[in-house]
Amino acid sequence: MKRLENLLTELHRTQLEKQTRRHFLLDCVSKMGGLALAPLLFGCETNPGVPKVQGLQLSDRDLNPLSPLPPPYFAKAKSVIYLHMAGSPSQLELFDFKPELVKYNNQPCPESLLEGRKFAFIRGVPNLLGPQSNFAQHGESGAWVSDYLPHFSKVVDEVAFLKAVHTDQFNHGPAQLFMQTGSPRLGRPSLGSWVTYGLGTENQNLPGFVVLTSGGKTPDAGKSVWGSGFLPSVYQGVQCRSKGDPVLYLEDPKGINRDLKKTLISSINEVNKAEFEAFGDPETLARINQYEMAYRMQIEVPNVMNINDEPEYIHQLYGTKPGEEAFANNCLLARKLVEKGVRFVQLYDWGWDSHGTDHDTAIDLGLRNKCNEIDRPIAALLLDLKQRGLLEDTLVVWGGEFGRTPMQENREGKTMGFKGRDHHVDAFTMWMAGAGIKNGSSYGQTDDFGFSGVEGKVSVHDVHATILQVLGFDHEKFTYDFQGRPFRLTDVEGEIIRDILA
Amino acid sequence: MPTKNLPALLSVLLFLLVGTILFFKEPKRVDFSTDVKPILNKHCISCHGGVKKNGGFSVLFEEEAFAVTESGQPAIIPGRPGQSEIIRRLYESDPEMRMPYHRPALSPEEIETLKNWIHQGAAWGKHWAYVPVREPKIPEASKKPFASILGKSPISTIDHFVFQKQIENGLSPSPEEESLRLLRRLALDITGLPPSEKLVADWNGGKLTYDQAVDQLLSLPSYGEKWATWWLDMARYADTKGYERDVSRTMWPYRDWVIKSLNDDMPFDRFTVEQLAGDLLPNPTEDQLIATAFHRNTMNNDEGGTEDEEFRVAAVLDRVNTTFEVWQSTTMACVQCHSHPYDPFKHEEYFQIKAFFNNSRDEDTHDEEPKLRLYSEEEKAQVQKIKTWVDQNSNNEEALAKANFLTYLEPKYHAHLCEDFVDAELIDTKWLGMWHNGTTYLRNVDTQNSDQLLLNYWADIDGTKMEIRKGGPEGEILSEFTIDKTEGRITRAIPFKEIKGKTDLFITASNPKAKPQQSTSAIVWFAFIKSLPGKNQPEYLSIEQQWKDLLATKPVTLPIMIENPDFMKRKTNVFERGNWMLLGEEVSPKTPEGLNNWNPEWPKNRLGLAFWMVDKENPLTARTLVNRVWAQIFGRGLVNTLEDMGTQSDMPSHPELLDHLAWKLMHEYDWSIKSLIKEILISHTYRQSSKISPELHQKDPENRWYARGPRFRLSAEQVRDQALAVSGLISNKMYGIGVMPHQPDGIWQTVYNGESWITSEGEDQYRRSVYTFLKRTSPYPSFISFDAGSREVCISKRIVTNTPLQALATLNDPVYIEAALKLGEKMSQETNKDPGTVIAETYEKMMLVTISESKKKSLLNLYQEALTNYRSKPEELKEFLQDKKVEGNPELAAYTLVANAMLNLDEFLTKS
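Each protein sequence line maps, in turn, to chains E and H. Numbering-wise (the numbering used here), the first sequence opens with residue 1 and increments by one. Numbering-wise (the numbering used here), the second sequence opens with residue 1 and increments by one.
Extracted from the complex, chain E is given alone in its bound form:
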C-alpha cells in the first residue's frame, strides 16, 4: 500500500480537474438530460420552481418537503458527516492520556470515586486499569493520540477535541438516543432529522439524510436513532445499504428496462396530471413530483453508492474494498454523498463495547482491531474532504454514546479473562472537524485518572447546540410545536462551546 502522503499528492493533482459540488448542481440539467423524463412540472433543478397554476399559491415545501431552505443565521457548514462509534470507544486508550493511571494500574479504585455511583456491570471495588496503548504528541497542536490510531495521528491538526464530554445515561440504548435525539427516551427527532427539517437538502435525487452502518449490526437503540420522532416522517434518515438495493425497492423488477420504466412513470404522471386538472388538489402535484424524483433517484443513488469506479489511489487512501459492508467504504460514500449535496450523513460502526468479556471486546486486543478498521478511513476522509474543498463547508463529528471507566471491569464481581472497561458517563472524548471548527484545538480536561472532567466540561446538549450553531441555527429558537409546546433538540439546556469554534 502506498504511503498516505504520496497518495495525497496524487489526489491533489487530480482534484484540480474535478468539479466541486457547486458545479455539479449547476450541471445537473445537462447531465441528466439524456436520462430524464420530460418533466411535467419542472426539471432537475435543485430548487424546483413553483408550478404556475392559476390561482393556486403553493410554496416549494408544499410540493417537496425536502426542498432547500436558507439557514436562519449565518452558517459555516452546509452538511454534516457524523461518525458514531456504537458501543462507545475507550477515550483512555485513544485520546485521554493519563500517566497517573499507569502508575496506579491494578490498584483498587479509591472508594471516594465510587461513592454513590452506579455502573452497568462493575460491582464492589474494582481495580484501576492503566492505558493499554502508547501515547505520543502529534502535529503542531501537540495533541495526544495513542499508537492505536497511527494515521489519524497525522491529521490531528484538523480537529478540535472535546476531552470532558459527559452524559447521564449508562446503558447503550438510552445513551445513543440521548446522543442522537437529545432525550434518552423514545419519541424525539434525531439530530439529522432536525437538520433536514430545518434546511432541506440540496440534491433532490438523493435522500437528504443518509445513514450508513457497518460492523454487522444496527445501533443498540434501533432505527429510532435516525427516526423523525414527532417531525413528519419524510425527515427520517434513509438507510443506504451495502448489500442488496442500496435504498429499499430502488431496483426495477427484472425484465423492465429503463426506457420502459420511463414510459411507465410518464404514463402515471400524465394520468396524475389529468387528475389534477379534474380535481385541483395540490397534493396531486406533490405526487407527480414524487414520481419524478423516484425515477431520478433510481439513477442517481446507484451511481453515488457505487465505489467501483473510484480511482485506485482513492481505494488505497481509504483502504476500501468494494462490495464489503465496511466502515472504510462508508467513509468514502460519506464523502461522495456530501459532494453530491446530501445534507446529513450519519455513519454507525458497531463493535466498540470493550467490556473484556472475550477477545473481541478486550481493550488491548479487540479494540486495537476496531481502531485499525477506522484509523485509515477517517484520516482519508478528512484529507479527501480537505483536498476537494469540501471540509470548508462540511462539519465532521466523531464520538460514542458515553466513555469507559478508568477501572477494569469486574463483571458482577467476577475476575475477567480479558481486560475491559465498563460504561462511563462522567467524562469521555469527542472531536469535531471542518466547517466552523477551530482546528488543532482541544477543550476540556479530566482529572488524573480520567474519571471526571475538571475543566471545560460539556454536556450532550452543549454538543448539539454547537452543531446547530455551525449550521446556522440558534438552538434556543429552532423549535417545532408539538403537544401544545415548542420542542427543541436541546430541550431547555445547551450552551454553545465557543472555544472550539473558529
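Everything labelled a hint here was simulated from the structure, so no lab data went into it. All C-beta atoms in this analysis are idealised placements derived from N, C-alpha and C, irrespective of residue type, glycine included. Treat each hint with caution, since some may be false.
[Said to hold, decoys possible] Output of the computed footprint for chain H on chain E, the stretches with three or more beta carbons under 8 Å from beta carbons of chain H: (1) 103-117; (2) 120-129; (3) 222-230; (4) 240-250; (5) 273-282.
Dock chain H against the given chain E, drawing on the hints supplied.
Just chain H now, kept in the frame of chain E:
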C-alpha cells in the same frame, strides 16, 4: 351575480350588520379563555408561569395570579386597571422595567383587552376544554341558502353547524360526490378496503339506501381490522419489546381483542374501563384481563447492565403520559419535571396520577411477568376444579388465590430483588446465580404464612445444597433443599417453615463441584403459595397432580396488568425535577384539581381512575374521542392538534359541533363508536364532492370549513390492503400471531438478538396489514415510508408526507408487482376485447369511476409500448415472467405493466 346566491349574500350582510351594531352598542365583554389567556400565554407565562415565577408572580393558576407578589402587592387588582402593576409595567419607558422583559411590547389592542378585562372585574375563566360538555343549541336549519347546491340531498345536524361556519367565512358547500366514488370513500373509511363487487352491484341497482350501505359496511369484520390500526397506534401495540435487544413478545391476543371489541361495538366507556383496569373488575373474565395488555405495550428493557427498577418506572410514566394523551388530549410529560407551564396541572398532581399506576406487579423483568396463561378449555376446567376443591376444603379466599396463581403466577418475588451478593451474582443483571459458598439477601419478604416455596429456576449441575434462613447467617433455618440439574426451567414446590409478617431471607448455596465463579443454578423467582388443602382426601393426589401439570404446561402467555397485593404495595413519591432517583414528598392517588370531581364511591385505584375518565362530567374524554374519529374521516380534527386540547392547542374550528357530537356520544349513543361514525358519514359535509377549485383552495387550503369532501392519501396499511384487494390476492383470515410478508433480506440486524424474519407461507403473505409483525427497532419498511410509526410511544396523529421512497415501494416492492401480475392475468384473458376497453374496465373496477379519454390514452400508450418492447425482446419477456414464476405472452407482461401503473395512480392512492 346569479340571483340564486342572493339569499346567501343577504344572510352574510345581515350577520355583518348585526355584528356591527352589537360592537358599537356596548364595550365588548372580555372573555378570559378566548381573549385574555392567549395574551398571557404568548407574552407572560414563560417567565411568570409553571417553570419560572419571576418577581413572585405567576399567571398560571388563579390563586397565584391574584396573590401578593414580591413587591408586597398583588399585580392584578380587579376593577382597577390603573392600579394594577401588570398594566403599569406594560407602559414603562425604562427597558429594565417594561414588560415583557427585553421582548417586543404588547400591541395597543392587547393592552386594551387586558385593561378591559381588569376593569370588568378580572374574572378568571376555565379553558373551554376543561368545562364539562353541555348540550349546545343546534343552529337553525340553514339549508336554504344552499338549496341549489344541495338539491334533494338530506342534511343532518352536523351540516347545520358546518353551514353556519361556511356562511361566516363566505363559503358554500359542494354538491354531493359522484355516486360510486362516494361508495369507495365510504368503504375505505369504514373497512379500509374498496367495496366488494356485490356491494357495488347492489348500490348501482338501487337495492340499498345510503344508510343501509353504511350499516352494511359497519357490520363487516373488516371494520374492526381497519379501525384497530387507529387504536393500536395510540396503544403503542407492537410484537417486540423495544430497546436494545428488542426480542419478540406475545401481544397479538390484545390486538385481536381490539378488533373484536370494535366489531362488537363495545361502548367506549367499557372499552376504556377494561383496558385501564380490567383486572380490578369483580371476577374479571379472560377477555377483561387481555384488555389490560393495553398498558403492557410499554417497552421492556433487556439490555445487560440495565437496572430493572429504572425501566419499570419509565414504563409507569409512559402509562401516565399515554393515558392522558389517549383519553384526555393532555400532555402530561412536562408536568413530570415541573408544573405545567400553560395548563392547570401541578407538578405533584403528575405523581398523584402516577400513584394510580404505580402498583401494578410488572417490574421490567426479562419474562415480562405478570402474564396471563391462555389455557385450553380443558385446562380451564382443571383450574376450575382445583378452585372448587380448595373452596370446599379451605375457604373461598384461598380458592381464589390458587386460581389466580394458576392464571397468572402472582404474587411472586423476582430474583432481581436480591442484594448484598457475596460469591453470587445477578446473571446478565436478570437471574440469581449463586457460586459455591455464595450468599445473598432477599429482603422485606412476606411469606404469607405459607408452608411452601415455589421456586422457578434452571440448573446445569447436580447437588447444590441450598439454605434459606430468617434474618441472616445465624437466623433460624426456614428451608433446606438440594438443587439438581434440570431440563430447562422448572417450578418446584419446596417445604417452607410457616412464619408471619415481613422478614429478610438469607440465602446460601454450596456445591464443591462448581467451578470457581460458576453459578450453581439460575433462579428466576420465589413465590410463597400454601400447599393444597384436603391432604387426607382420596382425591388429593389427583388434584395435586393437576396443579403440578398446569404449572408445568407452557400455554400462550400475554403480559397483563395485575395490582399488587397489599403486602407488596409501593409508595409513590414526587420526583424532584423529574429525576427518579431524587424522591420528594409521598403522594397518594388523586385526579387533577382542574378537571371533574372525584366520586367517593370509586375505589382509589386504576378502576376508579377509569370510572373518572368515562364520567359524563369529564370534559375531555368524549371530546377527545369525537375529535380523533372525525380526524380519521376528514384528515384533520375539529381541534387540529389531535394530541393536545390544552390552552396552547388550536382553537376548535367548530366548538359547538364538537360539543354536540360529544354530548350525543355520551347521552344518546351510550358511547357507541359505530353510531358516532355513522352520524358523521350520513352528513352532507361528508358526502360532498372533493373537487378543489383554485378559489376554494385559496380561501381554505386546509379544508378547515369543510366546503368540500375529504381527499387525502391512504394510510400505509390501506395502500397495501387495497392493492391486495383489487388484485384478489387478499386473505380474509382473521386474528392470530403476527405474519411476515415478503421483506428484503438483511433488514433485521438487532444486537444480541438471534431472531430473523421468516417469510410467511401461503395466504399468510396476503393477510391484512394489521396482522403484519411489527418489530419496533425495525418496522416493516414500506409502512414506515408511508408514515406509520414504530409504535414505541403513543401516536395520536400520523403526519401524512410524500416522498420518492413511497413511489419506489409501490412501483417495485414484490407485493405490488404480484398484485399487478394478478390484474395483468385477468386483463390478458379478455382476448375478445380490445386493449382500450380492457384497460377502461379494469380502471373502473379499481377506481369506481369512468376513465377519461385522455387517461385511457396514456395507459393505452403504455400498453402498446410495453407490448412492442416485449414482442421485439423475447429475452426481456422471459426474464420478466421467469422472475414471477409464470408463463405467458407479451400481452400478459404489457397488461401487468399497465396494472403496475394503475396501482400507482394518485386516484388509487387517495381517498377522494
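Unsatisfied constraints (hint numbers, rising): Hint 1 is the one this structure does not satisfy, whereas the remaining hints hold.
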